[in-house]
Structures are given as C-alpha cells and as structure tokens.
Amino acid sequence: MSEISEHDSFVVDADITPQRQQLDAAFEQQRDLLLNGIKAHLWSQGLTRDYTTLTELAEEVLQETAETAYRIADQYDPARPARPWLLAIALNHVRNLRRAHDRDERHLVPVAETPQARAAYRNADGPLSDDTLFDLLVSPVTSSEVDDRFAVEALLTLVRDDDRRVLQMKFVDNISYRELAAALGVSEGAAYTRISRAISRLRTAYMQRITFGQED
Amino acid sequence: MGEHETRELEITRMKAVHQYIQALERGDLDAATQVLEAALNDAELDRILAEVEQAYLQEQGLTPMAADAQLVHNLVRDHLPSAFAEETPADAPLTVGEVAARLQADRRVPSTDDEAHRQLLSSTLPLPTWLSLPAIRKLASNIGVAASDRFWRAFRDTAITMGMGRSHSHAQWAAARETRTRRDASADNTKPTSDITPSAEEQRQ
Numbered sequence: 001m002s003e004i005s006e007h008d009s010f011v012v013d014a015d016i017t018p019q020r021q022q023l024d025a026a027f028e029q030q031r032d033l034l035l036n037g038i039k040a041h042l043w044s045q046g047l048t049r050d051y052t053t054l055t056e057l058a059e060e061v062l063q064e065t066a067e068t069a070y071r072i073a074d075q076y077d078p079a080r081p082a083r084p085w086l087l088a089i090a091l092n093h094v095r096n097l098r099r100a101h102d103r104d105e106r107h108l109v110p111v112a113e114t115p116q117a118r119a120a121y122r123n124a125d126g127p128l129s130d131d132t133l134f135d136l137l138v139s140p141v142t143s144s145e146v147d148d149r150f151a152v153e154a155l156l157t158l159v160r161d162d163d164r165r166v167l168q169m170k171f172v173d174n175i176s177y178r179e180l181a182a183a184l185g186v187s188e189g190a191a192y193t194r195i196s197r198a199i200s201r202l203r204t205a206y207m208q209r210i211t212f213g214q215e216d
Numbered sequence: 001m002g003e004h005e006t007r008e009l010e011i012t013r014m015k016a017v018h019q020y021i022q023a024l025e026r027g028d029l030d031a032a033t034q035v036l037e038a039a040l041n042d043a044e045l046d047r048i049l050a051e052v053e054q055a056y057l058q059e060q061g062l063t064p065m066a067a068d069a070q071l072v073h074n075l076v077r078d079h080l081p082s083a084f085a086e087e088t089p090a091d092a093p094l095t096v097g098e099v100a101a102r103l104q105a106d107r108r109v110p111s112t113d114d115e116a117h118r119q120l121l122s123s124t125l126p127l128p129t130w131l132s133l134p135a136i137r138k139l140a141s142n143i144g145v146a147a148s149d150r151f152w153r154a155f156r157d158t159a160i161t162m163g164m165g166r167s168h169s170h171a172q173w174a175a176a177r178e179t180r181t182r183r184d185a186s187a188d189n190t191k192p193t194s195d196i197t198p199s200a201e202e203q204r205q
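Each protein sequence line maps, in turn, to chains A and B. So for the first sequence, our numbering puts the first residue at 1; every next one is plus one. So for the second sequence, our numbering puts the first residue at 1; every next one is plus one.
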C-alpha cells in the first residue's frame, strides 16, 4: 500500500524505536487480518452494501490508521499485540465515517441504534445478564454439582433444537471450540458465532418466559 | 497457571468473544473497542477475534470468492434471465415471503434478525398497496414478527424496488398482450363474418 510505503521511508529516516519496528512488522504481516477487521465493522455499520466500495473504504481506513498509529507510536506498548491496538484506532476512523455519513444523508438514527441505547443495553443487568447466563452455563463444569447440570438442561429446553445441540456440546459436554467447530464442520470463528447467537436467543427466550409466564 | 485459573481465563475470554460478536452484530463500536482493549493483554483473545471477523465476512458473502460468485450470478440474472425460473405472474400481488427472499439474496438481513427473517420467508401475505413505514410496522405487528428498525427499513426499500420492477414488467406484459390481441383481431377480420357472429339458425336456438 503506497501510504504505508511512504511511512516506511519516513521511519528509515527517523529514530527506529521498538514501537515503530513493531508497528512496521504488524502492517507488513497482519495487513490482511487488519483489513478483515475493518471490513467487518464497516459492514456492520451499514456504510456500504457493495463489496468493491467496502474494500476501497477499508483500504482508506487502513491508511488513516497507519498515519494515526505512527503519529502516536510512543503510546504503544511493544510487549503487547499490535493488532488490537491498531484495530481500536481503525474503529475511531470508522466512527468518524459513520458520523459523516449520518450528516451527509441527514440520516435519522433510530432510537435503538443511538450510542445511549447501546450503552444502556450493555449495562442492563436485568434478571439475567449475558455474564450471569455464561456463569450459569459453565457451572456444571466448574462446580460438578448435579443440581447445576439439571438447571442447565432445564434452561436449554427453552431454545430450539439446533441451539440446544451446540449449547449442550459446549457447556454440558464441555468440548473446546476447536472440537465444536470440527463437529459442526465450520471454522472456529463460526463456532464462536453460533454459540454467541444461541446464548442471545436463550436469554431472549428466558426473558420472555419470565415476562409472559410459564403457560407461554 | 493452575487448572482453576486457566478455566477462569477461558470463561473470561468466552465472555469477551461473545461481547465482541454482539457488538459486531449491533454495530456497537464502543463495545467492540472495549473488547479490543482486553485483547491487548491477551494474544489468544486477539487470535479468536480475528477468526470471528473472518467468519463474519464469510457469512455475509464478503470474501473475494463470494463477491465474485455474486457478481457472476447478477450478470447472468441481468443478461440471461431465461436461465432463472419464471417469476410470479405480474398480476399477482407481491408477498411478504417474496420480499424476504429477495432481502436474503441481496444479503441485506442483519444476522440479529435471522430468526424474524426466517419466519417471514414462508409468509404468503400480500403487501399493503401503500408501503409507508407505519404500514410496514402495522404489517409486522399483524404477523407477530419482531425485528430491528434497520431490518424493516431494508424490507420496505426492497419491497418498493420489487414493486416498481413488477409494475414495469406488468406494463411490458400488458403491452405485449395488447399487441397480440390486436394481431389476433386483425387476423380474425379476414375470416368470414359467419365465423364470429351467430347465424340466424343459431340465434333461433
């Protein structure tokens, strides 16, 4: 990428700190992974519905990320992985793009999509937060109490068959995500996604059950 | 690190990945950034997040190969329509299921709305004539399907586009029918009058 090459030549002239060395290596070796992360978030923001535009936008964001990263390189701890640090910078640029897009389109953001609503969702404990649900699901493995196992089995009756199957494999049979991925014939990332969605649906089903009663 | 600590770390990691996936699906950049900050201290978590992003792109058909396949599919649909099954007759009203199927083909269904979308796919309910957002919301409430505003906006846009396409093909279809009728009529004019009007004997019967 031309912008990064310009930075490279700049770096040669300047003092090469461990931070800059690490960032150079990250841009060279993890470029595709960074682009994937940027593309996923751009798509999730609904900024484009076209693959070519998405790729172009992701390249732009990566260039801006490189500029920012080299400017604030002294804030980076080279003992830590570079990708999450760079991706967090990239998400700031994605956020700016989203704001500009909303302004240009005079876009009315639905209440459910406002930052306040999202923060409220994240912080809402309710009767069963995602964290609590996770703790409950892993309890048969951590406590080996028979009652806990029954509680989880009962909880899993609330969801449809395919969700119950993956949740049982993960939390009752206690297999690893890699084994789960192999059993489902999907990638490890897809296995994480399947579990995450199954948990979300389980939480929704549980909330509906306690809101509308047992007869529902 | 002891077994208990390893297990604790694994659970914390699972929660973080779940939070990241939910953030990705809701378009919540703040929540995603929070998880990335945690990944700064956990290289394994970062590896898993990269896997999740890759899986997300694959699922949405956003890998180079999937994009190429979609491009070829669209080109064939545009330039060789006869390769595809004949569409519903233009007179038939557009149904909820047809719009849901098009949304899926165009990959415009947010993954958080998968369940709602699945329910709509089998619906044969006709769409309201006037496709305002309140009308779509009323329809959703009648069907009893809950989905995000983003989904319903995409649903409405697609329904309008499909409706316009159908009106266009309806107009073409009607014009073709009109031409055929005129041609048949002029052919009929060459026939003897007795072929098209009842004879005096037939009238008596």
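If you are wondering where the hints come from, they were derived from the structure by calculation, not from laboratory data. Just so you know, not all the hints are guaranteed correct.
[As the list claims (entries may be wrong)] Covered by chain A, according to a simulated footprint, are these stretches of chain B (three or more residues, beta-carbon under 8 Å):
#1 31–41
#2 46–60
#3 121–129
[Stated by the list, open to error] Over 12 Å on every C-beta distance to chain B, these chain A residues come out as not near it, computed from the model:
#4 Ile16
#5 Asp24
#6 Glu28
#7 Asp50
#8 Thr52
#9 Gln63
#10 Glu64
#11 Tyr70
#12 Ala79
#13 Asp130
#14 Asp131
#15 Arg149
#16 Val172
#17 Val186
#18 Arg194
[Claimed, not checked] With beta-carbon atoms standing in for the labels, derived distance ranges:
#19 Ser176/A - Leu125/B: 39 to 47 Å
#20 Arg165/A - Glu44/B: 23 to 31 Å
#21 Asp106/B - Asp162/A: 45 to 53 Å
#22 Leu158/A - His4/B: 42 to 50 Å
#23 Gly61/B - Gly185/A: 14 to 22 Å
#24 His4/B - Leu184/A: 23 to 31 Å
#25 Ser141/B - Asp50/A: 31 to 39 Å
No residue lacks a Cβ here, since even glycine has one placed at the ideal position from N, Cα and C.
Examine each Cβ of chain B, and state whether all of them lie more than 12 Å from the Cβ of Asp131/A.
-> violated, 6 Å
Does Val172/A really sit off the interface, with its C-beta more than 12 Å from all C-beta atoms of chain B?
-> At about 15 Å from chain B, Val172/A clears the 12 Å cut-off, so the statement holds.
Separation of Tyr70/A from chain B, once the least beta-carbon distance is taken, above 12 Å | Holds, since 18 Å exceeds 12 Å.
Between Gly61/B and Gly185/A, is the Cβ distance one that fits in 14 to 22 Å?
-> holds, 18 Å
Against chain A, does the segment 31–41 of chain B show at least 3 residues with beta-carbon separation below 8 Å?
-> holds (count 8)
Given as non-interface: Thr52/A, which should sit over 12 Å from chain B by C-beta = violated, 8 Å
Would you say Asp24/A is clear of chain B, with no C-beta pair closer than or equal to 12 Å?
-> holds, 18 Å
Using the C-beta atoms of His4/B and Leu184/A, is the stated range 23 to 31 Å upheld?
-> Distance hint for His4/B, Leu184/A holds at roughly 29 Å.
Are at least 3 residues of the segment 46–60 of chain B within less than 8 Å of chain A when you compare beta carbons?
-> holds (count 14)
Taking the shortest Cβ-to-Cβ distance between Ile16/A and chain B, state whether it exceeds 12 Å.
-> holds, 22 Å
Minimum Cβ separation between Arg194/A and chain B greater than 12 Å?
-> violated, 9 Å
If you check the beta carbons of Asp106/B and Asp162/A, does the distance land in 45 to 53 Å?
-> violated, 25 Å
Hint compliance for this structure: hints 3, 7, 8, 12, 13, 14, 17, 18, 21, 22 are not met, and every other hint is.
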